[in-house]
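**Student:** Sequences are here, hints too, so could you generate the full structure?
In the order they appear, the protein sequences are chains A and B. 47 is the number that my numbering gives to position 47 of the first sequence; each next residue is one higher, with no gaps. 209 is the number that my numbering gives to position 209 of the second sequence; each next residue is one higher, with no gaps.
Since the hints were derived computationally from the structure, they do not count as laboratory data. Beta carbons: idealized from backbone N, C-alpha and C, even for Gly. Treat the hints with care, since some could be wrong.
[Stated by the list, open to error] Non-contacting residues of chain A with respect to chain B, defined by C-beta distances greater than 10 angstroms in every case (computed): (1) A42; (2) V52; (3) Y68; (4) I104; (5) N107; (6) V114; (7) A121; (8) A219.
[Said to hold, decoys possible] If you only want the chain B side, here are some residues facing chain A, beta carbon under 8 angstroms, derived: (9) S58; (10) I61; (11) G62; (12) M81; (13) F82; (14) V99; (15) L103.
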Amino acid sequence: MIDIITMLATHWISIIGIVIGGICIAVGVHFVPVGGAPAAMAQATGIGTGTVQLAAGSGLTGLLAAGYMYKTLSAAGAVGISEVILICATGAVGAMIMITTTMIVGNWVYIYGVGVPPASAKVEYDPITKNSQAPYVAPGTVGQGMPTVCFVSGTIGGLLGGLGGSLVYCMLMWVNGDPAISSIFAIGVFLVNAVLPSYNIQGTIEGFHDPKFKRVPKAIVACFIASLLCGIIAVMIPGTAMFGGI
Amino acid sequence: MSEPAETANQIDTKGVVVGLVGIYIAGISGIPYLAFLAGIGAIFATKMGADAVRRVCSYGIGTGVPSIGMLALGMGVIAAMFGLAIGKMYNAVFIGPIVGLVLALVIGFVVGSLTNKVIKLNIPVMERCLTEIAGAGVLVLTGFSVMVAGSMDFAVIIEKVITTGYIAPIFILGALGILHPFNANLGPDETQDRTLVHSYSCGAITMAIGGVCSIATIDPIAAILSIVIAAAIWYVNFMGFVRLVQRDAGAGYVGTGLLPPGAM
Chain A
1 MIDIITMLAT HWISIIGIVI GGICIAVGVH FVPVGGAPAA MAQATGIGTG TVQLAAGSGL
61 TGLLAAGYMY KTLSAAGAVG ISEVILICAT GAVGAMIMIT TTMIVGNWVY IYGVGVPPAS
121 AKVEYDPITK NSQAPYVAPG TVGQGMPTVC FVSGTIGGLL GGLGGSLVYC MLMWVNGDPA
181 ISSIFAIGVF LVNAVLPSYN IQGTIEGFHD PKFKRVPKAI VACFIASLLC GIIAVMIPGT
241 AMFGGI
Chain B
1 MSEPAETANQ IDTKGVVVGL VGIYIAGISG IPYLAFLAGI GAIFATKMGA DAVRRVCSYG
61 IGTGVPSIGM LALGMGVIAA MFGLAIGKMY NAVFIGPIVG LVLALVIGFV VGSLTNKVIK
121 LNIPVMERCL TEIAGAGVLV LTGFSVMVAG SMDFAVIIEK VITTGYIAPI FILGALGILH
181 PFNANLGPDE TQDRTLVHSY SCGAITMAIG GVCSIATIDP IAAILSIVIA AAIWYVNFMG
241 FVRLVQRDAG AGYVGTGLLP PGAM
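**Tutor:** Structural data, given as structure tokens:
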């Protein structure tokens, strides 16, 4: 029989990893320019879908990249701290590729399909390019498409989301050594940590220049508690190997 | 939103009791032909989740209805697997679903309190509804996993449901059954019976897909039994849903038949 207390004592470092991963995901969600239904009609800045779909999409792409990297590295030897850093970097790049592809193709649709210039109504000047925004915002809307600042912000969001998801996956692999259980658990932890911040931003946000970004500390507190709870439960689940294999 | 015909307590009682009874009969009997009972239990749990989503989302949560369904299954998958694993670790397989359910209720309440107290969403029914949604998530996942694996043993579920990847359709279709009914029916003329009939038909679709998955994992005849029963449940409820749509559309509904011959 496997003792629960022993598992908790052995895997406390994995719990810390899961909490850090959860907080990375929570902060990452705030960076992604989410426009929701108004953006889908080119009446608000951002990608035209909900936070959860975007976070889950980029997170799962990151998880896929991280899983492949884990397989390759674990074939070469034991997975230590330096390997975990490599795996997290792979996951972060995977998630960034997904989110940037979504944003660039979305921008093509907005610019060439709908015929609107990307512009933000939340700031007077784009903080990165210093371009004036107000003249390009169509009357009656709150911006359209993804201007440069949103694009950069979204890429940072993908980085943090992919990093967090891969870190959770690595920590769970250390505990149970079973890719199937680890990935489905990482998805569970990921979704909890993506939905809580999405309530924090009330559905839409443009990126780090948006006034709503100041709400980040509340999401960090909420996700710290939620990830701690999920982490404590997750490290108590052993993999197949501990049941003597099948 | 009209007055509900069924109260939340009635729906929760039915969801939890039918859900657990179905899972236990299918999991403990060991008879593959009874595996479909776990699926029927999961359909009632889906309805419980859909009703909770209906109550909480009518306040307007600002992020779209799908987020709360994904949250349900995110919390559900952690609790369900933990419950089943605990059952296996202590050689008492039968405690698995109960432990999972209790844990999910705790996680749901904590997440609901965080949403209201820390994030300050200030929706009065948030704690209760997230508790119910997490409970529904765990029963849906456990129910369909037991149906596909034909057993409550965690080792068997890992081998037949998780490693094979059948957990993915169960996860996403289970979430759809919880989130889709209200997402499809919402609006000023939303009625509870129409939303809940829709949740039965969504649950039945998940059960049919679970039946297809179980062809490879348990027994072809048991799988066909599950698929046929699920198809019958789907047909009855979908026809009921269409009738209710026509009823709620009132005088605005005119039957037009199929496309005219020239338009095909």
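**Student:** Now, for every hint given, state plainly whether the structure supports it.
**Tutor:** Now the hints, each set against the structure:
{"no.": "1", "hint": "A42", "verdict": "18 angstroms, holds"}
{"no.": "2", "hint": "V52", "verdict": "4 angstroms, violated"}
{"no.": "3", "hint": "Y68", "verdict": "16 angstroms, holds"}
{"no.": "4", "hint": "I104", "verdict": "24 angstroms, holds"}
{"no.": "5", "hint": "N107", "verdict": "22 angstroms, holds"}
{"no.": "6", "hint": "V114", "verdict": "21 angstroms, holds"}
{"no.": "7", "hint": "A121", "verdict": "18 angstroms, holds"}
{"no.": "8", "hint": "A219", "verdict": "7 angstroms, violated"}
{"no.": "9", "hint": "S58", "verdict": "16 angstroms, violated"}
{"no.": "10", "hint": "I61", "verdict": "7 angstroms, holds"}
{"no.": "11", "hint": "G62", "verdict": "4 angstroms, holds"}
{"no.": "12", "hint": "M81", "verdict": "6 angstroms, holds"}
{"no.": "13", "hint": "F82", "verdict": "5 angstroms, holds"}
{"no.": "14", "hint": "V99", "verdict": "11 angstroms, violated"}
{"no.": "15", "hint": "L103", "verdict": "7 angstroms, holds"}
Of the hints listed earlier, those the structure fails to meet are numbers 2, 8, 9 and 14, in rising order.
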